[in-house]
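2 protein chains.
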Amino acid sequence: MDFSSKLLENAVNEVSQLPGIGRRTALRLVLHLLKQPTEQTQQLSESLLRLRETINFCKNCHNISDTQLCEICANPNRDESIICVVEDIRDVMAIENTSQYRGHYHVLGGKISPMDGVGPGDLTITSLVEKVKSGSVKELIFALSSTMEGDTTNFYIYKQIEGNDVATTTIARGISVGDELEYADEVTLGRSILHRIPFESSLKNS
Amino acid sequence: MDFSSKLLENAVNEVSQLPGIGRRTALRLVLHLLKQPTEQTQQLSESLLRLRETINFCKNCHNISDTQLCEICANPNRDESIICVVEDIRDVMAIENTSQYRGHYHVLGGKISPMDGVGPGDLTITSLVEKVKSGSVKELIFALSSTMEGDTTNFYIYKQIEGNDVATTTIARGISVGDELEYADEVTLGRSILHRIPFESSLKNS
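From first to last, the protein sequence lines stand for chains A and B.
Residues in the first sequence are numbered consecutively from -19, following my numbering.
Residues in the second sequence are numbered consecutively from -19, following my numbering.
Hint data in this document are derived by calculation from the structure and do not stem from the laboratory.
Note that the structure is a prediction, hence the values are computed from the model and not measured.
Treat the hints with care, since some could be wrong.
Same chains, same label: a pair holds when it works inside one copy or across any pair of copies.
[Said to hold, decoys possible] Below 30 Å or equal to it, Euclidean Cα-Cα: the simulated DSBU-like pairs (lysine-lysine) are:
hint, residue 1, residue 2
1, 118, 39
2, 111, -14
3, 184, 118
4, 139, 15
5, 113, 15
6, -14, 15
Pulled out of the complex, with its shape left as it was, chain A reads as follows (with noise of 0.2 Å):
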């Protein structure tokens, strides 16, 4: 593409480095900005700076937050001694919006994955096998997704806290409520039926 401005061209430049916005897309998004009051486009940049540069991460869970400690850690009515390992802030919103869950999060960054250049290192799991180890965690649920990466980011953390006294427990796959048993993949629907529970506390929650 050839710009008829530098400006405009170091703009597009900038936002398709955007995961998943390509160049085409990044001209019409700058565009519309131009055809906007320019408070728009200040405002958007000002939020992304400051976002940026005063980020901060809960001490204890290491969910995104403005406070040192978060609102859920912060928060006595929440079971400290369960905590739920997720992957980022958007799996801790997820679980959040069930309205189910009571207890802490513990949120790992990312998950193990040596081909893009993760290992354990880059992951906040020495700060929770440390929690492990003050003993004063009786369960971790691994709420990570379920891939190569998931499950190898579970079992190394399964390794390092082997030997304390904490129960650790997986979230229930399966098939989702109100899906057709025929449209399931095989792998989810075998689970379902290995991992099938009493029909009575199905009940529970329905």
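Given chain A's structure and the hints, the job is docking chain B onto it.
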């Protein structure tokens, strides 16, 4: 969505105001920036701000340009007696990419669209009509998209310059090069039959 950080929420709100970007995508983009070095966010913010605040339009053709007169208008080798009327800079870039056009452009900045609150006064039609009335223009090529709004705009301009000694043409509509007839829509195929051209002229630019 409940955010654990007000700063994060602000950033997501601002990003999701861009067209075609919902709150989930916005969150994904913002989290991506948080994983990158601070410089990337700084460069992104600065390039958008600098573009928005110092944006300049060519005083002749109204295309985005860093200089008073854009490169095309300033080029003495281009024929200023032929003007191609387009909607925005993307159309200029698309036509320039073909290397088939050596005339000037006139960027309207949109199409007449009462539904979106865009009237003739919001576009650069007055300066186009003045150019035509000055007598320096031999041909006006309408290259707006063939939608209701595009046709309305073409017709409005056509009426404004009626009576002046200027030829008006419109870009050819027809089957795309390489396309198969059976998959073409009826309107396009119909037009390509109606506006058929001598076989010899089709050999020129093949």
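Now the hints, each set against the structure:
| no. | hint | in the structure |
| --- | --- | --- |
| 1 | 118 with 39 | within (20 Å within a copy, 71 Å between copies) |
| 2 | 111 with -14 | between (52 Å within a copy, 28 Å between copies) |
| 3 | 184 with 118 | within (23 Å within a copy, 80 Å between copies) |
| 4 | 139 with 15 | between (56 Å within a copy, 27 Å between copies) |
| 5 | 113 with 15 | between (57 Å within a copy, 29 Å between copies) |
| 6 | -14 with 15 | both (18 Å within a copy, 28 Å between copies) |
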